[in-house]
Amino acid sequence: VQTRIRERFRLFGFREVLTPALEYSEVIEEHGLRDASYKLFDPDNQMLLLRPEMTTPIARLISQRLAGSPPPHKLSYVLPAYRRASVGRGQSAELYQAGVEVVGSPSPREDASTIALLVDVLQSLGLSVPSDFAVVLGQSAFYAGYLRHAAPDAAASVTAALAAKDLVTVDAIARDLPVDTAVGVRGIPRLVGPATDGSIIEEAGRFAVGEEARAALENLREILRHLEAHEALGAVILDLGLIGRHDYYTGAVYEAYASGLGFTIANGGRYDNLLKRFGKQMPATGFAIYLERLLSVLPEEVPPALLVLVGGDVEGIEAAAELRRLGVPVLHLSEDLSPGDAAEYARGVEAAWISYPATGGVKLATADPPGEFVFMDPETVARTVLS
Amino acid sequence: VSGLRVAVPKGAIFEDALSALERAGLPANVLRENGRRLVYQAGDTEFIVSRPSDVPVFVEYGAADVGIVGKDVLEEHRHNVVELKDLGTGRCRMILAAPESRAEEVRRAIRHAEVVRVATKFPDTARRYFERMGRQAEVIELHGSIELAPLVGLAECIVDLTATGTTLRENDLVELDEISTSTARLISNRGAYRLRHREVAALADAMHGSGETVG
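Top line first, the protein sequences correspond to chains A and B. Numbering follows the numbering used here, with no gaps: position 383 of the first sequence is 383. Numbering follows the numbering used here, with no gaps: position 61 of the second sequence is 61.
It should be emphasised that the hints constitute simulated quantities derived from the structure, not laboratory data. What you are looking at is a predicted structure, and each value in this text was computed from that prediction instead of being measured. Just so you know, not all the hints are guaranteed correct.
[Stated by the list, open to error] Partial pick of chain A residues on the chain B-facing surface, computed with a CB cut under 7 Å:
#1 Asp132
#2 Ala134
#3 Asp166
#4 Val192
#5 Pro194
#6 Leu233
#7 Ile237
#8 Leu261
#9 Gly262
#10 Arg293
[To be verified] For each label pair, taking beta carbons as the anchor points, the in silico distance ranges come out as:
#11 B:Pro123 x A:Leu298: 32 to 40 Å
#12 B:Ala12 x A:Arg277: 32 to 40 Å
#13 A:Asp176 x B:Met133: 52 to 60 Å
#14 A:Glu30 x B:Glu75: 55 to 63 Å
#15 B:Leu151 x A:Asp176: 40 to 48 Å
Each residue gets a CB set at the ideal place from its N, CA and C atoms; glycine is no exception.
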């Protein structure tokens, strides 16, 4: 799966980067992420973190290393991040993330193209739209802009409630607001539906009051227009109440969900302020896929062809080399196992075939269920095993 | 409304939850038939029955699309679920209480920022309550009969839920403070809320409660 994801990233021109697993603790500012990090101390008693996510380390890398080259920087990574998981919640401490970042372009077209890449990756792994997954897309500046314009005093508390996904509290706050404001406060987070259904955006237009909200909606329209050109619009569900978990998202924000799995398999968005932390004002957008969660929803894979070749001294080595030359993956065991033990071993390593060297070829049998041994020359073995 | 898996809590709010679901047009009556089953199929709706505190777990992991649970449980465990609607039923209050004879003593201890010992089924709620006041407390987690703790000297006070106050009175406990109030909520899985928004929003709309409509 990692290989196939890397292939798609490369096909879209993204350059793969590696960053150290350890970061100085100052690099990560979000409290939730810092709390969830494993902490260590270096000899100078500086606190270090095992990186809890990849976006911030990449932002640091760009501000320090790529400052000289012209933007935009299109970078990708497939690396583990580390988080302290709470006991009993079925999460592991090491989570592999595969993602991309486009740094140095404020254009909504880059948001659209990264979303389209995410859709492309998920589809290339065998997931289909709309039955298997969807990308839920919001624009965090839209609701924030509406609130700052229409209900500035309530903005902070409404945003906090929405970040906690507590629509009941959003409603409760709305009840104390003037009627026409309340309609928007209550209504915007409930604008949810397929992006192909134009009525969601049209509805949102009613609430596009104030400079900020109007610009945010225009930005979202532009993203949708380009997603259509990318032929990815069918995979997108709009949710104007989606504002993102981290407080660093400044525009487009999205989460990918697989049907039947309650957690996001990927998330991303635009974070134009993150690089300020490293002394650079650089707009950026990108996503991360959670590989363990993704694996749990991928269709069951047929294990790749593998042949277990048993013993045979020097002839065994020659037979193995000959078969490998023909492209057959061969696991050669030096010890002379009985056919029964060989079949059991083969099942343990998910190999479909067992074989013993013989003059001019090998004796081949299926491992599960254990079959009759048949003599074959190397070419016939290759055809049989690889078919 | 169709094709959803609904998590329903056993216990105090079971009946209210069934009535609310029935009013919304779901065939929840099947849950009354036989008290022992855990999964019920009615039409294309599936119901699962679990302990109240487990309802948000099933919903968070996507094992159920929606569920009904008290706000007290959501406050305690902070599961990552969408809270859609206040159903207004199952009203109860989270309170701090102490034995009547020692109530003044406990009040003074808290005022003077002494560390008090508090027994509760809701350790996070209790801890956050004391932290908010800038006070420290030694929180002891119990799983039942919280009222017993101050009577036998295990704790000086308790943080517990009360609906009518009867249990408190029977054990000579008096309320020192109200921490929060709680009612039953309709919750949804984050994915189901988006991927199956039409069904989930229709259910939320059809469930009459004190909250506003979703849609």
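Consistency of the hints with the structure:
A cut of 7 Å between beta carbons decides the hint on Asp132 of chain A: the least distance to chain B is about 10 Å, and the hint is violated. About 6 Å separates the beta-carbon of Ala134 of chain A from the nearest beta-carbon of chain B, less than 7 Å, and the hint is met. Proximity of Asp166 of chain A to chain B holds as hinted, the smallest CB-CB distance being about 5 Å (cut-off 7 Å). Checking Val192 of chain A against chain B: minimum C-beta separation of about 4 Å stays under 7 Å; hint holds.
Restraint check, Pro194 of chain A versus chain B: the minimum CB separation of about 9 Å is more than 7 Å; hint violated. The restraint placing Leu233 of chain A at the interface with chain B is violated, with a minimum CB-CB distance near 16 Å, outside the 7 Å limit. Evaluation of the Ile237 of chain A hint against chain B yields a held restraint, the C-beta minimum of about 5 Å falling below 7 Å. Using the Cβ-Cβ criterion of 7 Å, the hint placing Leu261 of chain A at the interface with chain B is satisfied: the shortest such distance is roughly 5 Å.
Because the closest C-beta pair between Gly262 of chain A and chain B is about 3 Å apart, less than 7 Å, the hint holds. Checking Arg293 of chain A against chain B by beta carbon gives a least distance of about 11 Å; that is not within 7 Å, so the hint is violated. For Pro123 of chain B and Leu298 of chain A, the hinted distance range of 32 to 40 Å is satisfied, since their beta carbons lie about 39 Å from each other. For the pair Ala12 of chain B and Arg277 of chain A, the beta carbons lie near 49 Å from each other, so the given range of 32 to 40 Å is not met.
Roughly 26 Å separates the CB atoms of Asp176 of chain A and Met133 of chain B, a value that falls outside the hinted 52 to 60 Å. About 23 Å separates the C-beta atoms of Glu30 of chain A and Glu75 of chain B, a value inconsistent with the hinted range of 55 to 63 Å. Taking the beta carbon of each, Leu151 of chain B and Asp176 of chain A are about 42 Å apart, inside 40 to 48 Å as hinted.
Violation of the numbered hints given earlier is confined to hints 1, 5, 6, 10, 12, 13, 14; the remaining hints are satisfied by the structure.
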